[in-house]
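What follows is the residue order along each chain.
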Amino acid sequence: MRREAPRSWRDYLPLAFPAAMLIVFFVVPFGTMIVVSFFRRQQAGFYTPDFVFTNYARFLTPFFANVLGFSLWLAIAVAALSMIIALPFTYLLTRAPRRSQTAWLVALLSILALSEVIIGFAWSTLLSRTAGLTNLLVAVGLMDAPQALMPGFGAVLTAIVYQTLPYTILVLYPTMARLDPTLAESARTLGASPIRAFFTVVLPVQRTSIIATLIMAFIFALGSYLLPQILGRPQNWTLSVLITDQAIYQSNMPFAAAMAVFLVLVSLGLVGLTLLLGQQREKTS
Amino acid sequence: MRLALWRGTRSHLHDSFGLTMPGLELKGVTRDFGSIRAVNDVDLTVPNAHFVCLLGPSGCGKTTLLRMIAGLDLPTAGSIVLDGDDITHVPLHKRDFGMVFQSLALFPHLSVGENIAYPLRIRRMPRAEQKRRVEELLTMVHLSGYERRAVSQLSGGQRQRVAIARALSVSPRLFLLDEPLSALDAKLREAMQVELRQLQQRLGITTIVVTHDQREAMTMADTVIVMQGGEIRQAASPTDIYRHPADSFVADFIGSTNLLELVRGDGGPMLLGRPSRLALPYAMSRAIVSIRPEDVRITAPADDVPAGTVTFIRDLGGTVEYFIDVAGTEVIAVTTPHERRPVSIGAAVGLLLDPAHCVVLTR
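Chains C and U, in that order, give the protein sequences.
According to the working numbering, the first sequence is numbered sequentially starting from 271.
According to the working numbering, the second sequence is numbered sequentially starting from 85.
Calculated from the structure, these hints are not laboratory results.
Ideal placement from N, C-alpha and C gives every residue a C-beta, glycine not left out.
Hints are not guaranteed to be accurate.
Here are some, though not all, of the chain U residues that point toward chain C, as calculated from beta-carbon distances under 8 Å [as the list claims (entries may be wrong)]:
hint	residue
1	L158
2	V174
3	H177
4	F181
5	F185
6	A189
7	H193
8	Y202
9	R207
10	M209
11	I429
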């Protein structure tokens with residue numbers, strides 16, 4: 271769909287509205303955040319305009335390095351785990367009868383209607399000692415006594431994956447559904463077992479959409495600040511939790527802004543690296 | 085380079101009784117989709133190194149039949165036997181067949197060379213050998229030097245050749261093609277038909293092609309199989325099927341023909357209102373006569389030949405077609421420009437229908 275290239279400023283007019291929206295709701299707040307991150311904090315809870323690096327210098331400590339490291343590790347784990355579950359699920363879903371496909375998609379969409387708070391407290395009940403899933407296992411006779419599965423890393427991971435999974439599946443679904451079924455059939459006639467056909471043809475063909483989905487799940491998990499607080503111990507808190515803590519409870523806007531800017535830069539860097547690696551592999555193959 | 089996993093299981097009893105049949109044999113193959121019977125009780129024998137075209141209108145069951153031979157679909161009933169082994173339930177990836185799909189199904193993430201090497205890679209052939217084989221195949225399909233190209237950089241005809249090379253890379257026991265040339269333009273399609281036939285003859289490989297194009301089938305096949313409604317209507321050589329169609333469907337589907345009614349009159353069989361020397365089949369009061377347009381000759385009107393009026397003349401340069409109305413029945417006659425008769429639209433003409441060129445059909 272290539273049309274004439276825009277020539278005069280009039281041709282750019284249709285872009286004005288989205289551009290204005292982007293400026294007002296994205297560029298201005300983000301710019302403010304960058305500016306504030308260089309301000310000096312007042313003990314009373316305010317800040318004065320300045321240009322200092324103390325806010326950035328403050329998280330060059332092992333504590334913040336640890337938290338950042340944990341945040342990234344959690345986000346990577348969430349992205350990988352959602353992908354491992356979503357890929358075969360979506361593949362089988364696209365091969366299921368039309369009616370059951372619709373039922374599954376509606377169920378997945380309904381999960382998106384749940385707020386993060388509800389998901390957090392629902393899982394905290396499900397993983398608790400008094401009313402949790404372990405009681406079921408005890409009733410069946412698989413366990414001796416009910417156990418608390420939260421707070422902990424496992425609980426945080428489970429809940430975030432639960433929250434990310436519908437998005438992952440819904441993003442993968444369209445490309446997977448449009449995949450030419452004769453590609454896999456052709457691989458089979460050429461001698462590949464069903465599993466080899468999946469790994470040598472079905473997956474590589476959708477590489478771009480898989481990478482995009484991984485990045486989406488990664489960023490989604492990186493921004494999670496409620497679930498780690500409800501279901502995790504302090505050592506399971508992510509950088510987002512600390513940012514919230516600094517911004518709202520400690521009233522340290524400049525430091526919170528500095529952390530947020532740093533988080534954005536690190537995640538942008540990782541996303542760029544992923545895209546670069548994906549492109550390079552495409553060239554060599 | 086073939087996997088011989090299941091060929092070792094051939095029954096020795098069969099061998100010793102001389103019951104094995106080289107080639108492909110379908111025995112009572114049937115396929116139902118819900119309440120619809122797509123293929124109904126098909127029996128078919130294809131000798132080795134034979135080229136067979138499955139021909140028919142869409143929905144006649146030809147693609148379903150091919151998919152069952154390939155193993156992409158299981159018959160509801162019946163069995164498929166290859167060189168004496170029942171392969172009905174052998175998983176498709178263990179059959180060592182080569183198949184070209186209508187969509188070609190080239191892998192977009194692999195280069196031309198990698199596409200062709202795919203079946204070799206799956207069978208863990210050493211790298212150096214793979215490379216040698218890929219070069220050999222590319223030369224065979226006239227694409228030497230295209231090894232590193234991306235599939236998306238190729239033209240339709242080149243993609244076609246890559247798909248053929250890939251299907252042939254392990255020297256398959258059967259070469260199956262589903263409407264392989266339908267995406268190409270008319271000129272290229274005709275050239276590829278000839279090329280495909282020559283390739284098949286050179287390799288001596290048993291080949292089954294599904295097509296809805298009767299010219300394609302006539303060009304390539306040793307045996308043309310006309311299917312309709314899930315059943316085989318006729319299986320014969322291209323000349324036979326053209327000259328001696330088994331029924332009116334086949335006569336009409338292969339080339340163009342005039343289907344005329346032969347009825348029992350007072351003095352004997354009548355064709356187009358005139359007595360005919362053709363014989364009606366025993367105990368039948370009417371039958372269908374098929375005569376090809378090129379066998380209908382135009383003469384001056386006379387009492388003993390069917391008479392009609394020319395309603396339209398189509399001069400195609402190479403051939404001239406006359407549309408003649410004979411008491412409500414349209415008869416088409418085709419001549420070459422050299423035999424062109426000085427008649428114009430509205431002229432009254434007589435028709436010579438040589439009984440030697442007429443085929444009397446019972447259905």
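Hints the structure violates: just list their numbers, smallest first. 1, 2, 10 and 11
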